[in-house]
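Novice: Listed below, chain by chain, are the residues.
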Amino acid sequence: MRYETVIGLEVHVELATESKIFCSCSAKFGGEQNDHVCPACCGMPGMLPVVNKHVVDLGMTAGMMLNCDINRTTTFDKKSYYYPDLPCSYQTTQWFAPVAVNGLVDIETSKGKKSIRIKQIHMEEDAGKLVHDDWTDTSLVDFNRTSVPLIEIVSQPDLSSAEEVIAYLERLRSLLRFAKVSDCRMEQGSMRCDVNLSVRPEGSDKLGVRTEMKNMNSLTAITRAIEYEVARHIDAIENGTEELVQETRRWDDVKGKSYAMRNKETAGDYRYFPDPNIMPVVIDDAWYNGIKASLPEFPEIKRARYIDELGLTEYDADLLTASRAFCDCFEAAYEVCGSAKEVANWLISDCMNILNRKQMTVDELKLDGKTLGELIKLCMDGKVNRGNAKKILMEMFDSETPIDPAAYAEANGFIVSNDTGKMDEVIKAAVAADPKAVADFKGGKEKALLAIFGKCMKELKGNCDPQKLREALLKHIDSL
Amino acid sequence: MKLYLAKNENVTSPAVVLDDMILTSDLPTTGGSMMLDNYMSLFGADIIEKLTKAGYAIAGKANVGEFGIDLVGETSYYGAVTDDKGNLSSASAELVKSGDVLAAIGLDVNGAGRRAAAMNGLVYVKPTYGTVSRYGTIPAACSGETVSVSAKTVSDCKAVLASIVGHDDKDGTSLPEEKCELVKTSAASLKKVAVIKSLTKDIDADTAAKLDAVKASLTAAGVTVEEIDCDVLAYAKTAWGILMCAELCNNVSRYDGVKYGHRSENYKTIGELYTNSRTEAFGELTKTAILYGSETLSDDNYMPVYDKSLRIRRVIIEAFASLHAEYDAVIIPASSKAAYTEADINANKYISFDEALYTAPASISGLPSVVAGGVQLIGKAFSENTLFEAAKIIEEGK
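Here the protein sequences line up with chains A and B, keeping their order.
Everything in the first sequence is counted per our numbering, starting at 1 for the first residue and increasing by one.
Everything in the second sequence is counted per our numbering, starting at 1 for the first residue and increasing by one.
Note that these hints are calculated values from the structure, not bench results.
Remember, it's a predicted structure, so these values are computed and weren't measured experimentally.
For each residue, glycine too, the CB sits at the ideal point set by N, CA and C.
Worth double-checking, as some hints may not be accurate.
One-sided and incomplete, this derived list gives chain A residues near chain B with beta-carbon spacing under 10 angstroms [as the list claims (entries may be wrong)]:
1. 29
2. 51
3. 80
4. 84
5. 228
6. 259
7. 274
8. 283
9. 287
10. 288
11. 298
12. 301
13. 370
Which chain A residues stay away from chain B? Per the calculated CB distances, all over 10 angstroms, these [as the list claims (entries may be wrong)]:
14. 141
15. 163
16. 241
17. 269
18. 271
19. 277
20. 279
21. 391
22. 435
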């Protein structure tokens, strides 16, 4: 018999806000244990939650990017359960009126295009982290992550293979990064997902027994886990190796196996109810329209525009549109210098190299596009040669304060000189200082000229048109 | 008998006492619970700054029923408070009555302060919900609890309230400043009041006499006093009981013995740590509320019980709105009888829930309530000045 797999995903994404969802503590990843905490996010009595407006901005942005309807009155609710990483023993989340509902995400796999329906997106606070110390047999709790804002994106069970799941996650990641909702780094846990999976005979309209694997945080682990679960389910159905029950399972990526954590009977009753300390958030037209207007162009639309209108190659367009930071920089620089190809070259080769050397990701590009455009323009106009322009670019990456490329070039003697008298002087001196090289050149050794050319260039600090220097040098040697 | 759970030395006049539901950073705050015995907060309530700025000294912290949910003063870990006749009273009411302090600031969760004020002949105000910051108060039933003031005279009560009213960014339910100001600035308008007959059926002779005296004073001052029925207000008792217990159950879930508060010495697993710490440190009424509250929030009961209570809240707010369209204030007793002893409580552990028949309508609706002459006057939002004017007439009519 042939089987089909039915998968729904719950994807948690940490939002890119400066501060936490209900207090002003930093929401940054890392830091010393319990450094980013206050009485509010530690659950001390007497502190009241005040909603961080930026969290709602990003929740709405995510909803709009995933084609959802936005609930214009959205509310927060409490979800109760005991765990030491949850300081109030309740999590503030959205149960009754989540910020966004009924969305649609398009994916593409080897089997073609498909639309995945989104049930809802809700905003909530993250929990803290437990650190287990086997040496002293104790557990320690770090509340830095407590109340860091999250959205949970709940899909309908529209996915049917590991390949589709990966395509869906990559699509979510691309859209959310583009809209600056989150950096979606699975390895740092800022994107993680729960996989709900069941298997049924192909063509059946009845769903099989569903199991859930929680907190998956790498694409390869997700692929392996789905393949393992599908095989386990089919084995159970066909060979009766075990009785499938609705349960939560944990994936052990080292052993390549999933293990039962808890089943439906022992699952908690979360006792949801509206949080009386948080007034319903009413999204008026001005707020709604402001967010709508701030949405970025979808990456594939940008890509098509870069190719069709700006004449970039597919290769260049792909590289640029992989990151919102690159697109923003590219577009701003293009506006100043007018050459898409030049800007693409500078970004893809020079800037990418510098980022690699600094071990930064493309999303961490902080370069001001307008300044980059000015630099490229200086270069295109022949006012600064490429070598010196690269030095200025490096300085733009390193400097704490903004750099004005023209002023910097002027101050550091990087402006290409039209002073032919100075050039002739330098050429005369260099030729006189190396008669052997001149003789070698005249004797047919083309390369011998390079040494003299290099010395001249160095003497002129690179501030000349190489073509003109070459011509003048040849002319001088000929005249000897 | 402990009236003060903590006390400041060399307190200047005028001084106010804070119920031990209000967090202070220089004195311990217990919420009347063993769970928070000797708990030192890292911060103080917003109102403390406002009181200090207005020139009031903080005398100390008054004993309260555990988490403020009792109604008759019976559940403090530090022992019950009785008056000189042995009747259950409240520490803050005793301190005001004796003149030890000018006024007492409390957190009105279930109306214990209103009952105590009525019993002791004090003036008491529970202002419009959202006009006084709850930042730095121990949370019990957040959707209705309100910082309150009691004093011997109307003018003292009014002045102390005026000093703490105001918007606070740290409290998401705090109303905008211009709304808060209305508590102080809206003009009094007292022409016609209604006594809710359906809530006077079960009161004792003493309470009935107080009600008659209030009616007489108001009538003598030219206020029209009418008696009407409004049966729906009686549903507030059960609905508020459900909301209050559910919210309390959720709010006290943070006391798990892990980070602060009482931790049992008897545990091997994390489950035992939670269970034994809570079993040891919570009093009986709190445990009852936890069981009741978790039951009403369970999957099976949420819609038929909790959600229904939220809808009853709307019905009661609407009932008050139509009453207030015609009447400037609604008068109901603050309790069926003034005097309860510990023996009464031991005989019937549900008095705290039953007596809420009188206090719950104002708690669930968030409307301002003033106690004077032993009865309770409920007005529309921001009508505190109207209620104080009635209280003044009652005060002078004595």
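Novice: Need the list of violated hint numbers for this structure, in ascending order.
Specialist: When the structure is compared with the hints, numbers 1, 5, 6, 8, 9, 10, 11, 12, 13, 14, 17, 18, 19, 20 turn out to be violated.
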